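Fit chain B to the supplied structure of chain A, relying on the hints for placement.
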Amino acid sequence: DQQVKQNSPSLSVQEGRISILNCDYTNSMFDYFLWYKKYPAEGPTFLISISSIKDKNEDGRFTVFLNKSAKHLSLHIVPSQPGDSAVYFCAASAFEGAQKLVFGQGTRLTINP
Amino acid sequence: DGGITQSPKYLFRKEGQNVTLSCEQNLNHDAMYWYRQDPGQGLRLIYYSQIVNDFQKGDIAEGYSVSREKKESFPLTVTSAQKNPTAFYLCASSILLGSEKLFFGSGTQLSVL
Chain A
1 DQQVKQNSPS LSVQEGRISI LNCDYTNSMF DYFLWYKKYP AEGPTFLISI SSIKDKNEDG
61 RFTVFLNKSA KHLSLHIVPS QPGDSAVYFC AASAFEGAQK LVFGQGTRLT INP
Chain B
1 DGGITQSPKY LFRKEGQNVT LSCEQNLNHD AMYWYRQDPG QGLRLIYYSQ IVNDFQKGDI
61 AEGYSVSREK KESFPLTVTS AQKNPTAFYL CASSILLGSE KLFFGSGTQL SVL
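So the protein sequences, as listed, match chains A and B. Using the working numbering, the letters of the first sequence map in sequence onto residues 1 to 113. Using the working numbering, the letters of the second sequence map in sequence onto residues 1 to 113.
Here chain A stands alone, though its shape is the one from the complex:
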C-alpha cells in the first residue's frame, strides 16, 4: 500500500524554465510534508517542508504547494538550474514524527542546458 506516490519517475526541463514535481498521498491523517533532494551516491538533504495548516511555503527558488482536498502537493523550482538535477523525494508524516515518515518513490529531475 503506497501511501505516498510520485507518479513521474523522471522529468526533463530546460534550464531557466519552471520545474514542477508532483506528489499524491492517500492518508488524510498526514499533517506535515517534506521534500528531500538526493544526488547520486549521496544521502538525501532536506529541501523544504509544509504543514497542513498552510497551502504554500516558499524558500528562494523553491515553492511547495499543498492541496489537501486533492491530497496533492507539488514542488516548483523557478528558474531551474543545472545543479537542480537530482532525485527528489516527497515525504509525509502523521503526528508521530520522523519514525512514521513515509517516502515516495522519487522523481529524477534533469535540467538541460
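In case anyone wonders, no lab produced these hints; they're calculated from the structure. No experiment lies behind these values; they were computed from the predicted model shown. The beta carbon of each residue, even a glycine, is placed where N, CA and C say it ideally should be. Some hints could be false.
[What the hints assert, rightly or not] Below, computed lysine to aspartate or glutamate pairings styled on DMTMM-like, alpha-carbon distance capped at 20 Å:
#  : chain 1 : residue 1 : chain 2 : residue 2
1  : A       : 100       : B       : 38
2  : A       : 100       : B       : 30
3  : B       : 83        : B       : 100
4  : A       : 37        : A       : 58
5  : A       : 54        : B       : 59
6  : A       : 56        : A       : 31
7  : A       : 100       : B       : 15
8  : A       : 56        : B       : 100
9  : A       : 37        : B       : 30
10 : B       : 70        : B       : 30
11 : A       : 54        : A       : 31
12 : A       : 68        : A       : 42
13 : B       : 101       : A       : 31
[To be verified] Covered by chain A, per the in silico footprint, the following chain B stretches (three or more residues, Cβ under 8 Å):
#  : region
14 : 62–73
15 : 94–103
[Stated by the list, open to error] So, partial list: chain B residues that the calculated Cβ filter (under 8 Å) puts toward chain A:
#  : residue
16 : 2
17 : 90
18 : 106
This is chain B only, laid out in the frame that chain A set:
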C-alpha cells in the same frame, strides 16, 4: 564539520554471512534511523533509536539487527536471515524523535557475491 559518516561506501556479502554497516554522527542528535532504498522505491525504515540502549523496529526489520551503545553510533547488522540484502542503505539522525527533518549520511551500497 558536523555530520553523519557511513562506512564502508561499498560492501559485498557472501551467502550466509553477517555484515555490519557503520554509522557515526557528531551532531549531538538523540534520534537515529536506518533506511533501505531499492531502485524505483521510496526509502523504507528498518530500525530507529530515540536514545542510547533503546531501539525500535521499523517497517522492514526482519533480517536486520542494530545496537545503540553510544549516542554517536548506530551500527546496522545485515544477517544471513535477510534473503534480499542488495540495496542502498542510508543512516539518518534528527534532533529529536519527533523531528521530521532528517540529516542523512552518504550511504552504503551492499551487494551479494
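Hints, verified against the model:
1. A:100 / B:38: Since the Cα atoms of residue 100 of chain A and residue 38 of chain B sit roughly 19 Å apart, the hinted pair holds (cutoff 20 Å).
2. A:100 / B:30: holds (16 Å)
3. B:83 / B:100: At roughly 30 Å apart (the allowed maximum being 20 Å), residue 100 of chain B and residue 83 of chain B break the hint.
4. A:37 / A:58: Holds: residue 37 of chain A and residue 58 of chain A sit about 16 Å apart, inside 20 Å.
5. A:54 / B:59: This hinted pair is violated, its Cα atoms lying about 29 Å apart.
6. A:56 / A:31: Answer holds: residue 56 of chain A to residue 31 of chain A is near 14 Å, not above 20 Å.
7. A:100 / B:15: Violated. Residue 100 of chain A to residue 15 of chain B sits at ~32 Å, over the 20 Å cutoff.
8. A:56 / B:100: It holds: about 18 Å lies between the C-alpha atoms, which stays within 20 Å.
9. A:37 / B:30: violated (23 Å)
10. B:70 / B:30: holds (10 Å)
11. A:54 / A:31: Judged against 20 Å, a Cα distance of about 10 Å means the pair holds.
12. A:68 / A:42: violated (32 Å)
13. B:101 / A:31: Cα-Cα ~14 Å, so holds.
14. 62–73: Result for this restraint: violated, n = 0.
15. 94–103: holds (count 9)
16. 2: violated (14 Å)
17. 90: With a closest approach of 5 Å, the residue 90 of chain B hint holds.
18. 106: holds (5 Å)
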